[in-house]
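Chain Z: place on chain Y using the hints.
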Amino acid sequence: MKIMIWMLLALTPAAAWSVYVFGIHALVRILTGTLSAVAAEAIFQKLTGQKITVKDGSAAITGTLMGMAVSISTPVYAVAFAAAFGIVAGKQLLGGLGKNLFNPMMFGRLFYLFVFPDSILPWRAPFTFEAVSGATPLEILRETGQTAGIPLSDMFLGLIPGAIGEVSTLALLIGFSILVYKKFVRWRIPAAAFSAVLVLAVISGQNPLYHFFAGSLMFGACFMATDPMTSPRFPKGQIFFGIGIGLIIMAMRWWGWQTPGEYEFTEGTTFAVLIMNLFTPYLNKKFKPVKK
Amino acid sequence: MNSLIRGTSVIVIMLIVGLGWSKIGAARLRKRGVAEAEAKSQASAQAKKFSIIAAFLYMVSMVSIAGLFM
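From first to last, the protein sequence lines are chains Y and Z.
Mapping the first sequence onto my numbering, position 86 (from 1) lands on 87, and the numbers just tick up by one.
Mapping the second sequence onto my numbering, position 67 (from 1) lands on 148, and the numbers just tick up by one.
Just chain Y, same shape as in the assembly:
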């Protein structure tokens, strides 16, 4: 419970910033995600005769993250469905907290990207909420191999269009540093992911800072990949896990994927974390420290 409260506190800077730049639209989606996840968990547990465990806060965090991972163009019902699906299919079906194979939020997000592929569009500008029809920084990068002419300071502060909780790298880093300070997070995972991205960006002649500040790398690596239930327990495993995430993210950023709709994936954080979740049991087994 204590760790969950700190986790929610760590998400507060990014959530507060998103409400500041995207107004009530952001708040509604964050609250919808949170309430849907909590309600889905309580209803599922009630129907299956289990003890209701929503007070542990894990469902609230999953829902909050889900609400922060969409744009303000996303219909509220899509957020609700995704959060509920993530909780029920991604977590409760396998027996609840600690028994899940995939990160429930990321599983919900994959469902959302598959079922409502175009609902994330159009991206909307901060403060004015006007639809942005131009290509995103990552789309420009993929199409031209060049970085867009968006000031890095705007990307760092969060003055760009994007998903609600992902726009401000600064706010995410403030939240993440709280978790690192309290030792509630497996910091090696984002460190390894950022290192992989840094090396690949430098090799390809692209600005690594652009990669760090654009898309959902920061949000995903700091808050989703570090999920204690679905990430490796041991340091070496965490490093391999993080490197895998960084490699997949960069592959997606270079080549991308077309969704069943108009939306093109130029960001692979969801896929990267879910794919690496599949390797977590192996990494735990492989890198389990040997007692001397």
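These are calculated hints, taken from the structure and not from any lab test.
Please note: incorrect hints may appear among the correct ones.
To be verified - Label-pair restraints from in silico Cβ distances: (1) Y:Ser134 / Z:Val93: 34 to 40 Å; (2) Y:Val77 / Z:Ile134: 28 to 34 Å; (3) Z:Ser122 / Y:Ala136: 51 to 57 Å.
The beta carbon of each residue, even a glycine, is placed where N, CA and C say it ideally should be.
For chain Z alone, kept in the frame of chain Y given last:
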């Protein structure tokens, strides 16, 4: 394919794999000499896991296959 069909297809895949494996898995375990109740319980746990992996693979592959034809 609209959202309703896509969403339903995910649930259907999960049901087919889950229900299918709970029967196949239980039969396999019974053949190995596991008791009826234990076989059902183990197969049910495996079936849930496989249905989730199937949903994951389905969604990822549909996205990538769709990408190939668009």
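The hints, checked one at a time:
no.: 1; hint: Y:Ser134 / Z:Val93: 34 to 40 Å; verdict: holds, 36 Å
no.: 2; hint: Y:Val77 / Z:Ile134: 28 to 34 Å; verdict: holds, 30 Å
no.: 3; hint: Z:Ser122 / Y:Ala136: 51 to 57 Å; verdict: holds, 52 Å
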